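Listed here are the chains, written in short residue letters.
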Amino acid sequence: MAIIEVEDLVKTYDRKVAVDGVSFTVDEGEIFGILGPNGAGKTTTVECVEGLRSPDGGTIRVDGLDPRRDRAELRTRLGAQLQQSDLPDRIRVGEALDLYASFYRDPADWRELLARLGLADRAKTEYRKLSGGQKQRVSIALALIGKPKVAVLDELTTGLDPQARRDTWELVEQVRDTGVTVVLVTHFMEEAERLCDRIALIDAGKLVAVDSPAGLVSRVDGEQRVKFRPATPLDVTLLADLPEVTRVERHGPQLIVTGTGNLLHAVTSVLARNQIVAADLRIEQAGLDDAFIRLTGRKLSE
Amino acid sequence: MLKIVNTEWKLFLREPSMVVFAVLFPAILLSVLGAIPALRTPDPNFDNQRFIDAYMSSLVVVTLAFLGLNKLPTTVATYREKGVLRRFSTTPVHPARLLVAQVLVNVIAGVLSVVLLMVVGRVVFDIDLPHHPLGFVVTFLLGMLSLSAIGLLVAAWAPNARAAGGWATVVFMLVMFFGGVYLPRFLLPDFLNTIGEYLPPGVEALQDSWLGAAPDPVHLGVLALVTVAAGTVAAKSFRWE
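Chain order of the listed sequences is G and D.
For reference, each letter of the first sequence is one residue, going 49 to 350 in our numbering.
For reference, each letter of the second sequence is one residue, going 4 to 244 in our numbering.
In case anyone wonders, no lab produced these hints; they're calculated from the structure.
Be careful, since some hints might not be right.
[What the hints assert, rightly or not] Restraint-style ranges between C-beta atoms, simulated for each label pair:
#1 G:R153 <-> D:Q52: 57 to 65 Å
#2 G:Q333 <-> D:M4: 54 to 62 Å
#3 G:D169 <-> D:V231: 45 to 53 Å
#4 G:P210 <-> D:A238: 44 to 52 Å
#5 G:Q132 <-> D:R17: 21 to 29 Å
#6 D:A232 <-> G:L343: 53 to 61 Å
[What the hints assert, rightly or not] In silico DSS-like pairs for lysine-lysine, Cα to Cα no more than 25 Å straight-line:
#7 G:K172 <-> D:K13
#8 D:K6 <-> G:K172
#9 G:K177 <-> D:K6
#10 D:K85 <-> G:K177
#11 G:K254 <-> G:K64
#12 G:K183 <-> D:K6
All of these numbers come straight from a predicted model, not from anything done at the bench.
In this text, a Cβ means the ideal position worked out from N, Cα and C, and glycines have one as well.
Chain G with its partners taken away, still in its complex shape:
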């Protein structure tokens, strides 16, 4: 069932169109990704959903509410983690959670929340002394303190090191497992691919596609590449004659075999029959990156 419905959303700043007729729905209980390059209109889109900006056109419903008209009620059902939003330097983590908890009629137990986010021993630490990953976790905690049905997380892992990023991903999955619908804004392919049930691809203010990560990838040709170094010399026509193979290239000692279907099996069968050992065998498949390039005609710059 859809908990968020966005239809024909338009938002203009001065004369620049930031969001141009975007429509999508988010189902209850899923992690929904909004993916696109910087400046594509992702943040503007979710800020309209959060009721922080009023759209110039289109309609939005969040759990049946109009984000602008029913602002007050929306605030109790939607938690937001904003891009670049700090706390006062000297506020302690526990104080911040306790304060924000007091804003809601029926808040979560903030001590339990901190424990769940791995911050139990940081309750008395001043905000300025936290690491980047810890600050992000506090930010998630504040977005969840009001027991929201929907949590919007904007550029959650930007600026985090790889380990902190992976830890944060696990957290997001845990949040979803507690029944919260998550809207995740990101410009990291890997993040979207790993976390999202469905993804809205946005480019230059327009919606390019909405699909599951696998669905988006399948829109690109099923072309694959197998790379390896044969231990003994190999007659490349053996490979080139295979029906699955479209092209064989030689780069020094390395062979690159491009093709479709069950390419890997076909190639390794030939190698086995000729008793050739393949070193450094690698297979490359199309990913979200390729899907993005195919769908928008340009690279998602990171």
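Based on these hints, arrange chain D on the given structure of chain G.
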């Protein structure tokens, strides 16, 4: 709301420079000046009052100016710049509450500062408490609110926290000058004193209520007017992000 005020109060106490300047400094300055014999001898040039008696109202101006024109605009502009206000606007509580809490914290800090000043003045230098207490309290509050309104106006218009600090400092200097902090008011030319009488935070009204008479209602009226005018414009033009 009480919780916001309480939290902001704790944050204020954790900034040592703020506490020293806003709460302790006027009493310290009084002690230093009072240690100079000439300044605690009745002066025939000045109605046979001592310098320190006449300077008390200017010391109150120091507190009010620091809180309203230094602490308030820089804190508010920093909160906006760091996204503290924006985060508030995602909760059921409007970020305006945070600004109100700031002003309330300033009132508490200001009261503490002035009480400390009075105690030191009374105990150490035998300076009278305000002769017209009600007039003094009203002037103090109006002075505080009028400067707070101007401080919020600066925060509303300044593009970022640095600019807010810079602009506020200019206003701060002017208020301190006209309030007779840098040069005692009896040394200032008449026309400057006349301007100072009407400027926030109402040094003349503070002086009047301290030394005997009730404050001039016109002075109080001007303070109220400044509060309403600057406060309205600040509220209308305030950017939350």
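Task: Those earlier numbered hints the structure runs against, lowest number first - done: none
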